[in-house]
Every structure is written in structure tokens, then in C-alpha cells.
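K.L.:
In terms of the numbering used here, the sequence shown opens at residue 3 and continues consecutively.
Nothing false has been slipped in among the hints.
Okay, derived cross-link-like pairs now, SDA-like style, lysine to any residue, Cα gap no bigger than 25 Å in a straight line: (1) Lys291 x Ile355; (2) Lys275 x Asp252; (3) Lys332 x Thr263; (4) Lys332 x Ala264; (5) Lys275 x Ala187; (6) Lys313 x Leu337; (7) Lys330 x Ile255; (8) Lys332 x Thr253; (9) Lys332 x Ile255; (10) Lys291 x Ser238; (11) Lys332 x Asp245; (12) Lys332 x Leu318; (13) Lys313 x Pro325; (14) Lys358 x Glu278; (15) Lys313 x Val267; (16) Lys358 x Arg219; (17) Lys330 x Ala194; (18) Lys275 x Glu249; (19) Lys275 x Met170; (20) Lys313 x Ile329; (21) Lys291 x His359; (22) Lys330 x Tyr257; (23) Lys275 x Gly180; (24) Lys330 x Gln309; (25) Lys313 x Val265; (26) Lys332 x Gly321; (27) Lys275 x Arg183; (28) Lys358 x Gly289; (29) Lys330 x Ile315; (30) Lys313 x Ala187; (31) Lys358 x Glu294; (32) Lys291 x Arg166; (33) Lys275 x Glu294; (34) Lys275 x Ala264; (35) Lys313 x Ile298; (36) Lys358 x Glu173; (37) Lys330 x Asp343; (38) Lys332 x Asp252.
If you're looking for bench data, these hints aren't it; they were derived computationally from the structure.
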Amino acid sequence: MVAERRDRRPPEHRARLAPEEYVRGGVGDLDPQIVAEADDADADEIGQVGQVAQPLLQPELGRLGATAEPAQPIDQDLARPAGGDGVALAGYGALGLAQRLVDLLEGPAARPGESERDGDGNGLQRDEDDDDVVHRREHCTPDAPRATLPLVPMRLRLIPREERFFDMFAEDAANVLGAARLFEAMLRSYDAPEQRALEIRDAEHRGDEISHEIGRRLESTFVTPFDREDIHGLISALDDVLDFIEECADTFILYRIEAPTAVAVQQASIIVKQCEQLQEALANLRGFKGLERYWIEVHRLENEGDQLARKAIADLFAGGGHPIELIKWKDVYALLEETIDKCEDVANIIERITIKHA
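Based on the sequences and whatever the hints tell you, model everything.
P.N.:
Right under this line is the structure:
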């Protein structure tokens with residue numbers, strides 16, 4: 003994302019920068035308007051990169067004849083001295099310093115577009131696709147060598163993103179899948195439902211631990227692999243699936259159901275299939291590629307589960323039976339259907355994350 007664009011405010015509001023907005027010592031905070039157009043993660047990253055880059059760039063700034071504090075006001079629209087000697091650093095910013103550091107270490111990067119000069123002899127490097135976006139300017143004074151100072155460099159990734167999150171997402175999804183398989187096994191054999199329910203509860207506690215660890219890491223990590231709200235939404239949705247699986251198992255115990263119906267076993271099987279798709283999707287989330295087939299299959303299974311639950315409830319009331327049994331099984335079928343819906347919620351979040359990073 004390019005942070006700075008040509009200022010379109012009325013001239014009387016943008017003619018000059020106030021003295022306190024000067025960039026002192028060659029490094030400082032970006033103009034508030036620039037920061038407002040950057041996303042929060044990049045704004046934080048800009049400040050930290052600038053702190054790292056400043057001591058490394060002091061010799062280079064000295065060679066360029068940069069002044070610690072320009073003596074003259076600076077034209078904000080062109081980011082150049084209105085008069086006087088020295089190299090203007092207003093708008094240079096921490097991220098610009100970081101790009102200059104990269105140029106020093108790796109050599110200047112080739113920039114697209116044609117170089118042209120304004121009326122004061124300042125070179126302007128313009129983007130081929132947007133003439134309003136200025137990527138690089140050359141500042142010249144009679145007493146100082148020509149210097150290429152990038153005002154708004156392209157996006158950098160000098161600070162690595164935390165990749166451990168992807169492993170923890172896969173671990174959380176695998177734990178949910180394990181609980182789903184325990185629940186299906188509980189209904190298929192139904193010889194020791196209480197023991198199976200305890201094992202599912204242990205899996206739910208393990209899921210809580212993983213969610214808490216992801217939350218702690220989210221608070222302490224500077225650059226996350228994708229938006230923090232999406233990370234929080236993903237782990238919350240996985241936790242909901244696990245909670246509903248545990249509630250389903252407990253309901254069979256609390257309602258003292260003697261034996262599960264074939265429909266209940268089919269619904270449990272659908273939950274397992276959905277969790278398998280979610281586990282595969284999160285195991286491959288790192289590249290944000292080729293995930294569409296997973297959420298499509300989860301949606302298909304959810305539709306299958308809806309049809310199954312509606313028919314089961316219709317047959318339940320059509321067949322008569324004891325009112326207490328009708329109430330029990332209506333609750334069980336509804337709870338199983340809601341668990342299937344919760345799996346679809348996870349798939350929707352994965353789809354949203356993937357589309358953002360496509």
C-alpha cells in the first residue's frame with residue numbers, strides 16, 4: 003500500500019507544515035495524514051523500523067548534507083525546502099529511512115516509470131499507473147550532492163510475521179476433529195457413553211488451552227499473519243464447535259437416552275466429515291491457496307445435515323410416541339444440527355481470510 007498521495011485539500015490548508023511537524027534528526031513520526039491512510043499494522047511497523055534504521059543511516063545522512071532541522075518552512079505538497087540550503091527530510095519518515103537502508107545494503111532498486119523534473123529542478127519519479135503517486139524524489143542544492151531519498155517506498159517486510167500461528171490453527175482444528183470422532187464412536191458403539199463423554203470433555207479443555215495460548219501470542223506479537231480480528235474470530239468459531247460437540251455428548255447422558263437413532267449417528271458422521279475438511283483447510287492455510295474446495299464441501303455437508311434434521315423431526319411427530327421422548331429427541335436433533343451449522347461458521351471465516359489474501 004502506498005501511504006502518501008498528492009494532498010487534495012484546499013491550498014490554504016496545506017501550504018506549509020508547522021514547525022513541530024518537521025522531521026528532526028533525519029527520522030521521526032510520519033505526518034498524521036500519511037499514517038491515517040496506512041493500516042494499523044503497517045503504522046506500527048513503520049515506527050519500529052525507523053528506530054532500527056536511524057543509527058545505521060546517520061553516516062549516509064551526513065554525506066547527503068542533511069540538516070537536523072530545516073531552517074525554512076517546507077512545502078507539504080512537494081515535500082521540499084521553500085528556500086535555503088540543506089536536504090529536506092520532512093515526509094521522509096521512518097519507513098523511507100528503512101528503504102534507504104535497503105538501497106545501501108543491496109543497491110538501488112529499479113523503479114518503474116519515467117523520471118521528470120519540476121520547475122525547481124527536483125526529480126519526480128512517477129508510477130506508470132497513477133501520476134498522482136510520487137515514489138521517489140531527488141533533492142538537489144547548490145552545495146550538496148544530488149541525493150535520491152524515497153519519500154514513500156513500496157511495502158517492506160523487514161520485520162518478519164509470526165508464522166507459529168498457522169501451526170496452532172492446525173493443532174486446534176486437529177483437536178476438534180479428535181473430539182468429533184470420539185462423539186461418533188460414542189454413538190456407534192454406545193456401550194460406555196459416560197467414558198466417551200469424559201474423553202470429549204478432556205479434548206474440550208485442551209481446545210481451551212490452545213485458544214488461550216493463541217490469544218496470549220496475539221497480544222504479544224508485533225506482526226500477525228493476517229488481521230487480528232480474523233484470528234480471534236477463527237479460534238472462537240473453532241471453540242464453539244468443540245463446545246457444541248461436548249454439549250451433544252452430555253445431552254445423551256443427561257437425557258438418559260437408551261440408544262441413539264440412525265439419524266443421530268448420521269448427523270454425527272456429518273460433523274466428523276466437516277471437521278476433516280476444516281482440519282485440511284487450516285493445515286494448508288499458510289499459502290492462502292487452493293482452499294475453496296474445503297469450504298464448498300463443508301457447505302454441501304451443512305445442507306445435507308439440514309435436510310436430514312428436518313425429515314427426522316417430521317418423522318418424529320408423525321409417528322406419535324411418548325411426549326417426553328418426543329421432546330428429548332427434538333432437542334437432540336436440533337443440537338446436532340446447530341453443531342453442523344457451527345462447522346459452517348468456521349468455513350465462512352476461512353473463506354473470508356482467503357479472499358482477503360488472494
